[in-house]
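Novice: The listed protein sequences correspond, in order, to chains A and B.
Residue 8 in our numbering sits at position 8 of the first sequence, and the numbers go up by one each step.
Residue 1279 in our numbering sits at position 279 of the second sequence, and the numbers go up by one each step.
Think of the hints as simulated: they come from the structure by calculation, not from any bench.
Predicted model only: the values in this text are computed from it and were never measured.
Glycine included, every Cβ here is placed at the ideal spot set by N, Cα and C.
All clues stand as given, with none of them false.
Pairs of lysine-lysine, PhoX-like flavour, derived with a Cα cap of 20 Å: (1) B:Lys1010 - A:Lys94; (2) B:Lys1192 - B:Lys1176; (3) A:Lys91 - B:Lys1010.
Derived coverage of chain A by chain B (criterion: at least 3 residues anywhere in the stretch with Cβ under 8 Å from a Cβ of chain B; other residues may be distant): (4) 27-38; (5) 84-94; (6) 98-104; (7) 114-120; (8) 207-218; (9) 254-266.
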Amino acid sequence: MKIFKDRIFKFLIIIFTIISILPLFFIFFIILKKGLSVINLNFLLSLPKPPGETGGGILNAIVGTFLLIFIASLISIPLGIFLGIFLYEYKKRKIGEICYIFIDVLQGIPSIVIGIVAYIWIVKKMGHFSAFSGGFALFLILLPIVIKSTKETLDMIPFDLIETSLSLGITYPRTILKVVLPCGMSGMMSGILVGIGRISGETAPLLFTAFGSPFLNLNILKPISSLPHLIFTYTMSPYDDWHRQAWGCALLLIMIILSLNIISKIIVKKWKIEF
Amino acid sequence: MINTEKVYKKIIGIGGVIIIGLLLSIFITLFLNSLPTIKKFGFKFLINKTWDPVFENFGALPFIIGTILTSIISLIISVPFSLSLSLFIGEYYRDTFISKVFETFIEIIAVIPSVIFGLWGLFYLAPIIRSLQLKFSLPPTGVSIFTASLILSIMIIPYATSIGKEVIKLVPIDLKEAAFSFGATRYEVVKKIIFPYARSGIFAGFLLSFGRAIGETMAVTMVIGNSNFLTFNILKSGNTIASIIANEFTEAVETLHLTSLIELGLILFLITFIINFFAHFFVIKRKIIEI
Chain A
1 MKIFKDRIFK
11 FLIIIFTIIS
21 ILPLFFIFFI
31 ILKKGLSVIN
41 LNFLLSLPKP
51 PGETGGGILN
61 AIVGTFLLIF
71 IASLISIPLG
81 IFLGIFLYEY
91 KKRKIGEICY
101 IFIDVLQGIP
111 SIVIGIVAYI
121 WIVKKMGHFS
131 AFSGGFALFL
141 ILLPIVIKST
151 KETLDMIPFD
161 LIETSLSLGI
171 TYPRTILKVV
181 LPCGMSGMMS
191 GILVGIGRIS
201 GETAPLLFTA
211 FGSPFLNLNI
221 LKPISSLPHL
231 IFTYTMSPYD
241 DWHRQAWGCA
251 LLLIMIILSL
261 NIISKIIVKK
271 WKIEF
Chain B
1001 MINTEKVYKK
1011 IIGIGGVIII
1021 GLLLSIFITL
1031 FLNSLPTIKK
1041 FGFKFLINKT
1051 WDPVFENFGA
1061 LPFIIGTILT
1071 SIISLIISVP
1081 FSLSLSLFIG
1091 EYYRDTFISK
1101 VFETFIEIIA
1111 VIPSVIFGLW
1121 GLFYLAPIIR
1131 SLQLKFSLPP
1141 TGVSIFTASL
1151 ILSIMIIPYA
1161 TSIGKEVIKL
1171 VPIDLKEAAF
1181 SFGATRYEVV
1191 KKIIFPYARS
1201 GIFAGFLLSF
1211 GRAIGETMAV
1221 TMVIGNSNFL
1231 TFNILKSGNT
1241 IASIIANEFT
1251 EAVETLHLTS
1261 LIELGLILFL
1271 ITFIINFFAH
1281 FFVIKRKIIE
1291 I
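All chains should be built: construct the whole structure from the sequences, respecting the hints.
Specialist: Printed below as a string of structure tokens:
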């Protein structure tokens, strides 16, 4: 009886485990099936047609996604590394611990609320939707990810290394800048890439910041489209051709995000510095 | 001579001001911008069940109920799956190739954007729900609170699993071995040793995935049906706090409408703040047991 119970329990665990990843295969299968037939050079390199007309592409959304990621990374990577160093230096003090919890809280804020904040701070001040405000919202989402990955990477660097550097007469700030940071480079890079993967799929904060636009646009003061936002508008539209194109966008977006994650794994493996 | 180390510490110390300032200013911004609604409706905002932009009568109850329903149902559905996954990866098949494979799959689920879950849910999950709705002679829209909960349950599995498997791995091997030496089966070890030991960590994982479910926007907005009326029937359309904001924020022209939506955002912010704070507390408690 005892052994029977044990067997049943193990069986249940295996069954539940397998069921829980079935949706993943289902989603991937459908995205591949529906997306592959949509994606071609014309789809990637042309602009959308007016609503209801068939054809057209998603060039505006691809450019928009990359521009938004660029804006967000440009602010959050330097600031995030700086704040990560702060958490590392102050980790034994009360203020450092509180700030670490605050970063967790910041990361836990729903992205739609981040969107509201970006709307109030930037869209309301400027009076119109803009790519910059969208990039700013994504910056607030990326920031805690960069901070945490910086702090966690620095934590893993042995103190011997710092002591050795100090004993050579190198000042402490210089040691952090020239010895510790380069050693943690691979860990930080992979964390940042995972973070970029995450913001490239964010839709909610862009609804009322970047807003979306059917035109090709490189001006950060004007509204801009992005892949996830386009998937949302196309899915909720009544047009069959737009539904079809939404699957193409989904495939493209998944491929971008997965390759970012794969690159980050490769970086960790290849550049890993063993202590 | 300037003491470079002191200057460095001072400069780095600014980081603390930035972090605390950022979080405080987010809170203050949300609070100040929802003041008109807070002044007009006060606490009644939370228990008023009408949401009428035309007559400027705003109450958050339908959305609070919608949020509670979706997140609790999705949590209940996801618990057996994320627990099984945690045990599978952290105990039964620990450090084997197959558990690495499942870990990777779970990581992939975590990186799929919410909007793609919504797309899939709308075209493939909704038709299944539609037949269910027909059985109960409800309007067969396919979109409902239950559809949203199902999608959410898939989306939050990785959060509970990632913490669950780590705390299960942390259970000391000598405790388990001692139990095995008394002739305990694995099931008994899981029940009597692993669960009590890893309890607070597992709980923190569920708390975090609950927080995710509350704030999740896009997938929910796409499959919940966006109805602003209070309902407890999970096969009917509804709205969550996040989805009403996503739906109406760009359309809100009247000040009171906009500030009401911002107050909903403030509520969401406070709920997730509390949840994340407590999740931290539980994980910290676990670390103390470890020592």
